[in-house]
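Novice: Letter by letter, the chains look like this.
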Amino acid sequence: MSDALIRNFIIPLVQVLVVLGVAAGAVAYMTLVERKILAFMQLRLSPRRVGPHGLLQPIADGIKLLLKEDITPARADRALFTLAPIITVIPAFTALALIPFSGGGSFNIFGYPVSPWIADVNVGVVFLLAISSLGVYGIMLGGWASNSKYPLLGSLRSAAQMVSYEVPFGFSIIGVLMLSGTASMVGIVEAQQKAHLWYFVPQILGLFIFFVSGVAETNRLPFDLPEAEAELVAGFHTEYSGMKFALYMLAEYTSMIVVACIVTTLFFGGWLRPFPSVSALAWLNFGLDKLNPALPGFFWFFLKTFLVLFVYLWLRGTFPRYRYDQLMKLGWYWMIPLAIANVILTGGVLLLLRR
Amino acid sequence: MFRTEMMDINMGPQHPSTHGVLRLKLVLDGETVNDTDVLIGYLHRGVEKLCETKNYHMIEPYTDRLDYVAAMYENLGYVETVEKLMGITVPERAEYIRVLTAELQRIASHLVWLGTHALDIGAMTVFFYCFREREIILDLFEAFCGARLTYNAYRIGGLPWDIPPGWIDRVRHFVKIFPGRQKEYETLLTKNRIWLGRTKGVGILKSEDAIDFGVTGPCLRASGVDYDIRRAHPYSVYDRFLFDIPTGENCDTYDRYLVRMEEMRQSLRILQQALDHLPAGGVMAKVPKRIKPPVGEVYHTVEGPRGELGFYIVSQGDDKPYRMRFRSPSFVNLQALPHMVKGALVADVVAVIGTLDIVLGDVDR
Chain A
1 MSDALIRNFI IPLVQVLVVL GVAAGAVAYM TLVERKILAF MQLRLSPRRV GPHGLLQPIA
61 DGIKLLLKED ITPARADRAL FTLAPIITVI PAFTALALIP FSGGGSFNIF GYPVSPWIAD
121 VNVGVVFLLA ISSLGVYGIM LGGWASNSKY PLLGSLRSAA QMVSYEVPFG FSIIGVLMLS
181 GTASMVGIVE AQQKAHLWYF VPQILGLFIF FVSGVAETNR LPFDLPEAEA ELVAGFHTEY
241 SGMKFALYML AEYTSMIVVA CIVTTLFFGG WLRPFPSVSA LAWLNFGLDK LNPALPGFFW
301 FFLKTFLVLF VYLWLRGTFP RYRYDQLMKL GWYWMIPLAI ANVILTGGVL LLLRR
Chain B
1001 MFRTEMMDIN MGPQHPSTHG VLRLKLVLDG ETVNDTDVLI GYLHRGVEKL CETKNYHMIE
1061 PYTDRLDYVA AMYENLGYVE TVEKLMGITV PERAEYIRVL TAELQRIASH LVWLGTHALD
1121 IGAMTVFFYC FREREIILDL FEAFCGARLT YNAYRIGGLP WDIPPGWIDR VRHFVKIFPG
1181 RQKEYETLLT KNRIWLGRTK GVGILKSEDA IDFGVTGPCL RASGVDYDIR RAHPYSVYDR
1241 FLFDIPTGEN CDTYDRYLVR MEEMRQSLRI LQQALDHLPA GGVMAKVPKR IKPPVGEVYH
1301 TVEGPRGELG FYIVSQGDDK PYRMRFRSPS FVNLQALPHM VKGALVADVV AVIGTLDIVL
1361 GDVDR
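As given, the protein sequences belong to chains A and B, one line each in that order. Position one of the first sequence corresponds to residue 1 (my numbering), numbered consecutively onward. Position one of the second sequence corresponds to residue 1001 (my numbering), numbered consecutively onward.
Treat the hints with care, since some could be wrong.
[Unchecked claim] Derived DSBU-like pairs (lysine-lysine); straight-line CA-CA distance at most 30 Å:
{"#": "1", "chain 1": "A", "residue 1": "329", "chain 2": "B", "residue 2": "1025"}
{"#": "2", "chain 1": "A", "residue 1": "329", "chain 2": "B", "residue 2": "1054"}
{"#": "3", "chain 1": "B", "residue 1": "1191", "chain 2": "A", "residue 2": "36"}
{"#": "4", "chain 1": "A", "residue 1": "149", "chain 2": "B", "residue 2": "1200"}
{"#": "5", "chain 1": "B", "residue 1": "1206", "chain 2": "A", "residue 2": "329"}
{"#": "6", "chain 1": "A", "residue 1": "64", "chain 2": "A", "residue 2": "194"}
{"#": "7", "chain 1": "A", "residue 1": "329", "chain 2": "B", "residue 2": "1342"}
{"#": "8", "chain 1": "B", "residue 1": "1049", "chain 2": "A", "residue 2": "329"}
{"#": "9", "chain 1": "A", "residue 1": "149", "chain 2": "B", "residue 2": "1025"}
{"#": "10", "chain 1": "B", "residue 1": "1200", "chain 2": "A", "residue 2": "36"}
{"#": "11", "chain 1": "B", "residue 1": "1191", "chain 2": "A", "residue 2": "149"}
What the hints contain is simulated information worked out from the structure, not anything from laboratory work.
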């Protein structure tokens, strides 16, 4: 096998497979973690029967969903009905390609350097925004193709919601891009390393807007209007069952994880250890850096991502749901002006500092 | 070229937040409710007719099944109506124990309302907190009468049993811990901006409309009408207790929330007084084994957690009623729903169903 073939095809393929596998596993266990944390907040027991402390529950759930009858409603648009969940799930997973899970070095496998990210695109953030807004098509088409009323209402809501929150979602990142001077995800983390400052400090407003819009983008409480179970039964996926339903769930949890990864990368220094310059805290690397300099990065990245995800669940345990018009008002009256103000403020301060 | 049309949508009878088998036919213009048609009867069991074939003792378990969330009140209203018809005086201790169990039931019922109402609006955690405290009350009821939902706890003329030993201390403990627990719900909801947004100005029911519709209970009081049967037509021993009747000003869902929250506190006050003055003595009056009320008719009401709970009995001197009629507050309050949701959004319909606090067993009978 030629060297170029391995470098350009085999290694990326292996990387993709590893990331897909890890992400699918993370999604499965995310459901369990969510149930455990919610149960803890709500004074009840979580799944405990399948395996020790319910650890095999996600697998049981997966098998159940796979074996369930896959019903297509008689008057649904069959092709689109099948296609819609796929359209939703693909962008969610694609976004993972750009996340730098670790840094500071690459692995040496059979003499080939393997980076701890799939792709480092120089317009990474822009690409992420573009790909993440594709998911709404699947939701819209799914609701429409079901040829049923509740899904239609749900998909209309989600179209309006996701399109409106796309705007502050994008604007809130601009502050980070100004500070780092690059749109590459790896570059942004390296800029934070160089500045000895994680961007959540100067960009606290940006972080707030980005996170809130992120919650809205992923349809989670308090913004879970498209699938508000109390009003619209199950929203856009009312008619879905079996594997197609599982794909929607997979997409939702994957985009949750993706948003958490982006928050970690843009605002919390990605793979960086807290206080990297304080040598007294070197034990936090657990000696992993002696094996490979990239290893502690994974630990810190996943820890931070998990903490962000915990906030997601915390919100779900605490807040009631917004109403449709209030949600739009919040988006257009507060989030977008705030995001623009943040851009102007950041630009102004940067100009003053440069002078 | 382009045209828009109204969309008819069926909400229920198998919908997660119609609190049972309520069916609404909504005519939607986008998300705005243009017209509402309330369709009921999915839980109709013909209890009124059934009662005509049962003797007076056998009717009480049927009343349990009407408003199964607050079955104590159905029992209370029924036995008091028969007692009124026959002119029986109930021993004082029995009256006090009835008040104790009834006010505990009011708290339990309001907890179910709060939990499900919050759940409908998306605050899931409150539901579990509420049911934690309701569990304590249900345990108390279980110790008292052996049942947790359909109690059949009273008898015509008093009570079948006295309270078990240690029960009073358990009620005292509950009265002591409950205010703290209630604060927990309030921290999650009362000042929560989303909760305020979802309930303030939603489902407005002006006081004159409320009176026209015959709405009673907390919904009426939240519309600013100071009417509580415990005060207006005192029954049992309610004239001996000090308690306030909370009323609202804005007539909206948030005021109904505040009124019910305050009612729970007032119930605690009544509980405290009843505990302090619980007299000794027997719990059963002398009543014939076969209840045969004199010829006549009687209407008696009690203030249930949902409103005016009325019982109308026509007796022909038989051991079975000639006609039995229930005035169920859920049924009457539900009639105000189309008026309250007109022009609102779909999400508000759910909030209004929650705030009316209907029980379908009570609506359909």
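Novice: Each hint should be assessed against the structure and marked as holding or not.
Specialist: Each hint, compared with the structure:
no.: 1; hint: 329(A) - 1025(B); result: 28 Å, holds
no.: 2; hint: 329(A) - 1054(B); result: 59 Å, violated
no.: 3; hint: 1191(B) - 36(A); result: 28 Å, holds
no.: 4; hint: 149(A) - 1200(B); result: 28 Å, holds
no.: 5; hint: 1206(B) - 329(A); result: 27 Å, holds
no.: 6; hint: 64(A) - 194(A); result: 49 Å, violated
no.: 7; hint: 329(A) - 1342(B); result: 22 Å, holds
no.: 8; hint: 1049(B) - 329(A); result: 53 Å, violated
no.: 9; hint: 149(A) - 1025(B); result: 13 Å, holds
no.: 10; hint: 1200(B) - 36(A); result: 33 Å, violated
no.: 11; hint: 1191(B) - 149(A); result: 35 Å, violated
Consistency with the previously given hints fails for numbers 2, 6, 8, 10, 11, ordered from lowest to highest.
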